[in-house]
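Using the hints, put the two chains back together into the complex; each one sits in its own frame.
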Amino acid sequence: MKKRIRRIVIDPAACKGCHICIDQCPQHVFDVSADRSPKGYAMPHPARVADCTACLTCELICPDLAVTVEVSEDAT
Amino acid sequence: MHPIGEKYLRKSALPTLFCPGCGHGTVLNAFLRAVDRMGIFERLGLVSGIGCSSWVPVFVDTDVIHALHGRALAVATGLKIANPGRTVVVFSGDGDCMGIGGNHLIHAARRNIDLTVLMLDNGIYGMTGGQVAPTTPTDAKTQTTPYGNPEPSFDACGLAAAAGATHVARYTVARPRALIQGIEAAIRHEGFSFVHVISQCPTQAGRYIYNLTRPAEHLRLIQERSIGARAAAKLTPEEREAKIVTGVLHESTGRPEFIRQLARVKEAAKA
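In order, the protein sequence lines correspond to chains A and B. Counting from 1, position 31 in the first sequence corresponds to residue 31 in this note's numbering; the numbering is continuous, with no gaps. Counting from 1, position 177 in the second sequence corresponds to residue 177 in this note's numbering; the numbering is continuous, with no gaps.
Bound-form chain B, shown alone (with noise of 0.2 Å):
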């Protein structure tokens, strides 16, 4: 074991539960990188929700609240809200937090409270036997759509950018040092900040949707269609459509965060 999972790993639930070649352990790893650069380990409060991703912080040996399908994001309204010191990271997935949890999503990122989301994307449903997602591409074969999906995925970016998110952002796990840095930035800014991971899924995406049997296979698939923001700006819409762009895709500054409102509500109620 790496000496930074030595340092932070819970050892009694190892090995991670995840499929040989999954994306979410690079997301595990980069996510110990980023907090062990920014010494917030100890007061770190994790939520997550269900599915392979929301399994991402439990191997973290630190606070962590395992919750309802969907839900990561009210627990993690409550928990930051009750004890704002706290630097509260969510993991979700992208069934849990586009499918189940949307409405969720949609008002935390319109409260602009200060959370960190690290949407964790394969695009389909991993842990129940590889079922459309939200997220699935059009087209693609799963074991819900034999024929191909015929519905468009969803633009998560552009949603919780549109809801109000005050930094969206999109990483791949195939460039790690990128989403070290991303997560870092995310969890710096004050306010709602939403980080779409895309992550490979060897097992389930991998095999069915992009008939890849190898998880490198998969992973080098994700490589060659990153781009980044800046390079992804020349592109027509169509070519752009089919990349993955990475980067800061939206932040803003002006709108006020939910917990400093809340303080003003507290101390208007008191006077």
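Okay, chain A solo, but in the shape it has when bound (with noise of 0.2 Å):
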């Protein structure tokens, strides 16, 4: 059993765009976005989503419980 990522969801009603995602991510999975938020945050973008291996360290430290990596478990 190996974990797929099928993708990385950022709620841009709940990030504050505190960038510690993009700090922390080991793989470096992330970037700025050019786009803002709603309310005028620079939010991540998930830029590389196959580095991802699933240590869900983004979704653990996200203060705004903004960051919801998606991961399905099939055999390959």
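If you are wondering where the hints come from, they were derived from the structure by calculation, not from laboratory data. One or more hints might be untrue.
Unchecked claim - Per label pair, the in silico range of CB-to-CB distance: (1) A/E73 / B/A233: 38 to 44 Å; (2) A/P12 / B/D61: 20 to 26 Å; (3) A/A34 / B/D61: 34 to 40 Å.
Here a beta-carbon is modelled for each residue, glycine too, at the ideal position from N, C-alpha and C.
Dropping the structure here:
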């Protein structure tokens, strides 16, 4: 069983643009997005989802529970 | 919003009032995960005092008492005595718990009442504008100590252990997995559990004490300074002074728990 990442979702209503996820990701999956959230924050953008190992550090450390790593566990 | 937030957070109170990058949000995140793992959400009773940290339970969609400044433990003691079936968790800040509420802390610890205290320590009075707190490091520049803090900071865990707490631990928000496990262990412990959580305050402590502008930098500073209790035992006292020693620092089982003691008194009075 290998974990497969489906996608990384950042909630624009919750994210405050602190960029802790960008800094803490061991695989450097995130970039700073050029788009602003409705509140005007520069949100993280999961640019390299293929590199994600589903360690869930971004999810666990996010102070606003804005990051969700969607994982599907299927046999590969 | 992460599914765990969807499940347990009070939607009408969102977004949280924490500044961008505040570590207290990470404690909320970790607390929800610990509660989810343990399946105790239905019997939670959360109590908090005043300060940034004391807003953490307000966002949890359960029974919450947002009490007076420093008096969270007094209110929590009453709640636990009146309703021993509740799992009572107290969220308190360093100012709330070490400053104005210090006396309540030592007496709750002395009684060894079955409460869990999460003391969220950002080393400064954040909400009121960055004044010096009992946990501010010596020589730190704050709004009220512009030439450096002349006082030594409080050893919160040492105080709790000396006063009689039977489970004393320290964690940082920079290691969320350890924090989740630590919160779980503290809640499971029967007796007074004191958990010292080191959290970043990018707005006040980060900017004025450490000269850091980005929350991620402040978090990294905490991460670099933190060390496990076992590894810290090998260091000299001077080396240890500069570190944040994490893990369970004190645990004892011999002392009787207060609610059980009260039950004995009730039986004696009836007889």
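So which hints don't hold here, by number, going up?
none
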